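> Using the sequences and the accompanying hints, generate a full structural model.
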Amino acid sequence: MTGEPDLKHIPWIILALVGAACLAVLAVSRGEPINALWIVVAAVSTFLVAYRSYALFIARHVMGLDGARATPAITRGDGLDYVPTDRRVLFGHHFAAIAGAGPLVGPVLAAQMGYLPGTLWIICGVVLAGAVQDFMVLFISMRRDGKSLGELVRMEMGPVAGTIALAGAFLIMVIILAVLALIVVRALAESPWGTFTVAATIPLALIMGAYTRWIRPGRVGEVSILGFIGLILAIVYGQAIAASPVWGPLFTFTPGQLCWILIGYGALASLLPVWLLLAPRDYLSTFLKIGAITALAVGIVVMAPPLRMPPLTQFVGGGGPAWSGALFPFLFITIACGAVSGFHALIASGTTPKLIATETDAPFIGYGAMLMEAFVAIMALVGASILDPGIYFAMNSPAAVLGTDAASAAHAVTAMGFPVSADLLLQTARDVGEHTIVSRTGGAPTLAVAMAEIFSHVAGGTAMKAFWYHFAILFEALFILTAVDAGTRAGRFMLQDLIGLAVPSFRAGTSFLPGVVATGLCVASWGFFLYQGVTDPLGGVNTLWPVFGISNQMLAAVALMLSTAVLFRMKQQRYAWVTALPTAWLLVCTLGAGGLKLLSGDPAVGFLAHAAKFGAAIDAGTVLAPARSMAQMEAIVFNDRVDAGLCALFLAVVVSLMFFTARTCLAALREDRPTVNEAPARMVPAS
Amino acid sequence: MTWLRDMARLMVGQPPYEAYLAHMARHHPEATPMTAVQFFRNRENARFSGAGGGKCC
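Chains as they are written, first to last, in the numbering used here: chain D, 4 to 690; chain Y, 2 to 58.
Because the hints were derived from the structure by calculation, they are not lab data.
Incorrect hints may have been included.
Just some of the chain Y residues that point at chain D, by a computed CB distance under 8 angstroms [said to hold, decoys possible]:
#, residue
1, Met8
2, Arg10
3, Val13
4, Gln15
5, Ala20
6, Tyr21
7, His24
8, Met25
9, Ala37
10, Val38
11, Asn43
12, Glu45
Just so you know, these numbers come straight off a predicted model, no measurement behind them.
Glycine included, every Cβ here is placed at the ideal spot set by N, Cα and C.
Shown next, in the form of structure tokens:
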């Protein structure tokens, strides 16, 4: 014990000091713009140290991972669903499944409060809550033959709790699909170049599907390269198409038109054979996503841009234009994915636990992949913060605040305290090849402008900005649409199973009609919220994103409550704080935010207060801005009531599961031995 | 570098065919395994057919 055991800790101690120093620089710098790399280095060193220390602590002491204990991939190995997989390969698989639009959009929206609150929440949130949740759920599922979240809740907390969790998960799916589709609508509306490139992916996917079906089956790499060439051609020729007097107008749609196109497309994509559209689109979007994220990381390091957004803005106290509400609790639901995301619990109890080769790989996959997603979120936050704040607020405020042209927008944003000229807004729009950048809400266009800034700095200069902007829009729209297709299809099967409980002939695989009906129901559910968001005079993102954030964080709370209950049943309650503390924090944030959304007297925050204000105006016979007619007024009141009902439902799900968790923990405490329902332990066979 | 290829394929839901063949040879030597193309189609359908499918936000 002389020297050697201590030496191995030295690099980690240095890393911890580097991270602390960067965080200190972030925390104390005021006035002077600081470099984005301070944030990146602070995040990366914190993540590495947390992985080396906290994840290992959880693995060894809290879970008691055992490398000699066989995983489902070994005990149930079938070469198909259950396959022992190299940890690097599985890491990539898991990361590609969890990382989507959430970690890109949330941080961009959160930048309205400045870069500091979002940065600190992502770094602390992921280390103490998000990565812990993913890791715990992966562990719980891995010890139970790779069962899904709903089944796990049922096994450990009873059938009622399991059914509530499942119904909650379906509702969350509906909201996620609606908000994702809304982001695509906002990014593509009135943008013929963007719409053409995204539309071109459909014939491209059909050709790729035919190629893998009849010409060279199974050649994923080959067909993806062909598809990628097609995508680049679509972006290049998109400019000429958009400028053409014949073709340009054909690809120019209003948000309302795009809404109906997406609804029709979602229904069709869920009914077509998967090899024709879904699978080839999946190749394109997955590889483009991984490639673009890698390129963004390289670009930020090469460019080392200064942060132009202030660390804190005056909107910390509430009243921001992109989304309403004060920092607490609304920042913590605005950045969901990236800090802590309940949806990951569905992935960590999906395919990944069936592929894990040995229990000791779990920290790398469960905790590590979530740290990687937090890094993506940090990059998105950096992207939004390197833009001129004037441009940021001109893009992210609703048209009701900005008016419709560059002059009125520049005036309104300057009045907020972020001086910007109409010329700069027009020039930025010209640089990226769009008619206007005013009120392009939803986060995706803002990130695309930032990515164009970074990529054109590294390759191509200003002349390439328009290309890179549309490349970024395509990248975002493509993987969002793939999530919408696949999600609609998954939702369709969920519903068929659910209805099949009562009407057995409704189950999947019996006949064509139930599939059509279930698809219709699923599309109608998310289509309703999408239509509501598109027609919302405040831009929709303002209303829907908080509902999405609340629902996603509530699912996270459910997953962490399950984890806490499992720790109690393992008789590991002395370590229950590992999951109980993040549970408590999420409950405070989501119950707080949900309660405010429901009951706040401020019409900008509370749905019911908003409904009451507009309802009173209807009774008085007056039309309140931003509505322009009595019919719009009534639609607003109706939407407010639906959203309020949804919030109440989410609150009910969480409160009831809190009750089941407490009951389970107390029952476990009364026992003198572990009561978990793990699959029987079997040793790894000697090979 | 085969792990990079395997990773890219698993990202789109295609586990390695060799591992499937090895499993069949070891545990079910009497059965005829699926061909590479059948295996590919089987996994393609499995990825998108079921309530568990889908991806994150």
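> None of the hints should be skipped; say for each whether it holds.
Here's how the hints hold up against the structure:
1. Met8: Holds: closest Cβ of chain D sits about 4 angstroms from Met8(Y), inside 8 angstroms.
2. Arg10: Hint holds; Arg10(Y) Cβ to chain D Cβ min 6 angstroms, cut 8 angstroms.
3. Val13: Holds: closest Cβ of chain D sits about 5 angstroms from Val13(Y), inside 8 angstroms.
4. Gln15: holds (6 angstroms)
5. Ala20: With Cβ-Cβ at 5 angstroms, under 8 angstroms, it holds.
6. Tyr21: holds (3 angstroms)
7. His24: Constraint on His24(Y) satisfied, holds at 3 angstroms.
8. Met25: Interface hint status for Met25(Y): holds (6 angstroms vs cutoff 8 angstroms).
9. Ala37: holds (6 angstroms)
10. Val38: Holds, about 4 angstroms.
11. Asn43: holds (7 angstroms)
12. Glu45: holds (5 angstroms)
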